[in-house]
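**Q** Chains L and U, in that order, give the protein sequences.
Converting from the first sequence to this note's numbering requires adding 1 to each position, the first position being numbered 1.
Converting from the second sequence to this note's numbering requires adding 1 to each position, the first position being numbered 1.
One or more hints might be untrue.
One copy or any two copies: either way a pair holds, since identical chains are not told apart in the list.
Said to hold, decoys possible - Simulated crosslink set (EDC-like; lysine to aspartate or glutamate; CA at most 16 Å straight-line): (1) 66 with 173; (2) 211 with 119; (3) 211 with 47; (4) 211 with 29; (5) 66 with 90; (6) 211 with 184.
Derived by calculation from the structure, the hints in this document are not laboratory data.
There are 2 protein chains.
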Amino acid sequence: MPRAPASGKPRGRPPRGERNFAAIRGAEDMAFRRRILTAAAEIFAERGFATASIDEVARRLGATKGLVYHRYRSKGELFADVCEDGLRDITSRLEAIAERRDRAITRLTEAATLHAGDVLARTALHRTLAEAASGTAAAALPEMEADALSGLGALRERYEAVFVELIAGAADQRDLPAGRDTEMLGRIFVAALDAPLAWSPATLAGLAGKGGLIARQLAYFAIRGAGASDATLAEEFSR
Amino acid sequence: MPRAPASGKPRGRPPRGERNFAAIRGAEDMAFRRRILTAAAEIFAERGFATASIDEVARRLGATKGLVYHRYRSKGELFADVCEDGLRDITSRLEAIAERRDRAITRLTEAATLHAGDVLARTALHRTLAEAASGTAAAALPEMEADALSGLGALRERYEAVFVELIAGAADQRDLPAGRDTEMLGRIFVAALDAPLAWSPATLAGLAGKGGLIARQLAYFAIRGAGASDATLAEEFSR
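Using the sequences provided together with the hints, build the complete structure.
**A** What follows is the structure, given as structure tokens:
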């Protein structure tokens with residue numbers, strides 16, 4: 002994060018004018034980082050990690066290559082930041098739902114709708130996350146840079162663990178059948194919500210503007226697949 | 002397909018000795034093609050299309066690069082053959098189920114179990130098919146070669162259409178709820194069965210030998226998600 006130069010003054014709160022300047026600089030900086038991450042996810046999703054380039058990301062932004070290299074020394078570093086930023090963002094929204102005091106099945110339904118909606122709204126980001134999980138991006142990198150991606154596995158596991166806990170909680174509260182392999186069910190559950198990642202660009206274009214409706218259909222399919230009764234489904238999806 | 006040389010003799014059935022020779026040559030040829038396709042699917046799945054090379058496929062086989070180039074002029078041609086051969090094979094098995102005289106829900110259950118089982122048994126092939134569907138492989142190819150991949154889209158659509166028809170048939174026979182968007186349901190249904198493609202290599206390794214059991218769990222999840230009643234599920238999954 003860039004700071005206003007201290008210019009020999011004692012440390013502490015900068016004078017009012019400088020403080021605002023730093024805040025504006027910081028906000029502009031964040032906005033530009035966000036634009037880079039969005040454009041990079043698009044390029045990674047369209048071309049795959051191996052074929053994508055920082056040049057192309059800069060072209061998509063209408064910025065110079067140097068402006069992007071100023072922040073990311075390599076394509077691997079940019080890929081890792083796209084994935085980490087995206088995973089942290091959706092994980093914090095997921096955890097906010099998981100920590101509520103509602104029944105587990107209600108929180109699971111909202112979590113499923115959140116995930117499916119995010120996949121439809123930010124398909125490029127989720128395709129990029131899927132490539133990170135598959136290991137093909139790491140295979141295309143020199144060993145040192147591949148290590149930078151290894152932390153993503155733990156983030157992804159933490160994310161999926163929230164779904165597994167909600168499924169187990171709903172089974173404890175008898176809103177889902179008991180005695181199931183909740184870990185396996187969680188894996189199937191999240192992958193079913195990821196369904197749009199397998200759809201062609203033409204299919205997705207045809208569904209533009211219907212994201213909310215489709216997210217609910219995906220969540221309904223997954224909650225029903227996990228074993229919710231018709232009475233539970235009616236209650237959860239009437240809200 | 003190579004043939005024994007005709008050596009000036011009239012056309013027609015070759016003499017017995019030559020006939021056997023040609024048959025053996027043909028069978029060896031097919032076996033070698035199959036070995037190439039299997040190794041190529043593994044390399045494409047591990048590294049992604051853009052980073053994979055014919056060299057690596059040859060190394061995996063313990064064959065020379067020339068032996069592979071003798072059959073495939075380019076990586077794009079090899080990729081297209083892996084996908085087309087794989088899709089034709091599973092489509093013919095799917096159609097054999099779809100054409101039976103059982104109730105649609107029974108055929109749908111078997112089709113779902115077939116697909117999930119094949120994804121678990123030939124994960125590398127299905128990852129390669131997913132890359133073909135996503136369009137990233139075509140983005141990495143020169144335009145002329147990318148055209149060679151465009152036929153795969155139609156094959157994939159035909160495959161998914163079989164599931165959509167079975168879902169519609171099961172709704173007509175009242176084994177699934179009526180009045181649903183069967184095309185959307187079909188897309189979610191097949192993607193849910195593809196769940197293992199999103200699982201990490203470590204997860205898949207831990208499930209080795211349990212393919213049949215997991216295929217049934219996936220099929221159960223998808224059939225239930227599509228709306229089958231508990232009575233229908235009990236009947237279909239007690240076989």
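**Q** When no copy is named, should residue 66 and residue 173 be tagged within, between, both, or neither for a Cα gap of at most 16 Å?
**A** neither (54 Å within a copy, 58 Å between copies)
**Q** Please work out whether the CA atoms of residue 211 and residue 29 approach to 16 Å or closer within one copy, between two copies, in both situations, or in neither?
**A** neither (32 Å within a copy, 52 Å between copies)
**Q** From the Cα coordinates, with 16 Å as the cut-off, is the pair residue 211 and residue 47 best called within, between, both, or neither?
**A** Neither. Shortest intra-copy (22 Å) and inter-copy (34 Å) distances fail the 16 Å Cα cut-off.
**Q** Under a CA distance limit of 16 Å, which applies to residue 66 and residue 90: within one copy, between copies, both, or neither?
**A** Close neither inside one copy (27 Å) nor across copies (46 Å); limit 16 Å.
**Q** Using 16 Å as the alpha-carbon threshold, which applies to residue 211 and residue 184: within, between, both, or neither?
**A** Answer is between: at 15 Å across copies they meet the 16 Å cutoff, but 31 Å inside does not.
**Q** Can you tell me if residue 211 and residue 119 fall within 16 Å by alpha carbon in one copy, between copies, both or neither?
**A** within (13 Å within a copy, 32 Å between copies)
Checked against the numbered hints listed earlier, the structure breaks hints 1, 3, 4, 5; every other hint is satisfied.
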